[in-house]
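Enquirer: If you use my numbering, the sequence shown corresponds to residues 299 to 412, in order.
Worth flagging that the hints you see were computed from the coordinates, not collected in a lab. Mixed in with the good hints there might be a few duds.
What the hints assert, rightly or not - For lysine-lysine, the following DSS-like pairs were computed, each having C-alpha atoms within a straight-line distance of at most 25 Å:
#, residue 1, residue 2
1, K391, K341
2, K392, K341
3, K342, K391
4, K342, K392
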Amino acid sequence: MTRRTFGVVVLALAVAAAARATTLVTAPMPIGAQECWLLNLGKKPITVTFQIASNDGVDAEDPNEVIAPGQSLEIGASDGRVSWCTFSGSFSKKNVRAVGTVGNSVGLASFPAN
Numbered sequence: 299m300t301r302r303t304f305g306v307v308v309l310a311l312a313v314a315a316a317a318r319a320t321t322l323v324t325a326p327m328p329i330g331a332q333e334c335w336l337l338n339l340g341k342k343p344i345t346v347t348f349q350i351a352s353n354d355g356v357d358a359e360d361p362n363e364v365i366a367p368g369q370s371l372e373i374g375a376s377d378g379r380v381s382w383c384t385f386s387g388s389f390s391k392k393n394v395r396a397v398g399t400v401g402n403s404v405g406l407a408s409f410p411a412n
């Protein structure tokens, strides 16, 4: 294999790997009991890292959780800050549904992740 061919193969593999990596983020959620939910609608297990973050950094993290097909998983935090959910991993957006929810004295609101 020539240097040029090797370089093209390495570049193609890097682009393919980057294309499979996905990150979904909700809009900022108001203060309250915050939860981040992800549902796997695909046919294979997926590995996801969940984060609840704020301007002060990461408030809660659950790395490398495996979610079976047809199953969901959530993490939650309640620390009195405006926060958002981040879901990252090697999965297809079309095979998951992700949402952040917040409950407080006013009621419950949901924030879809895009």
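Enquirer: Each hint needs a verdict: does it hold in this structure or not?
Expert: Verification of the supplied hints:
Between K391 and K341, the direct Cα distance comes to roughly 13 Å. Compliance with the 25 Å bound is thereby established for this hinted pair. For the given pair, K392 sits about 12 Å from K341 by alpha-carbon distance, which is consistent with the 25 Å threshold. A hinted pair counts as satisfied when its Cα atoms are at most 25 Å apart, and K342 with K391 qualifies at roughly 14 Å. Between the alpha carbons of K342 and K392 the distance comes to roughly 13 Å, so the proposed pair stays at or under 25 Å and holds.
Checked against the numbered hints given earlier, the structure satisfies every one of them.
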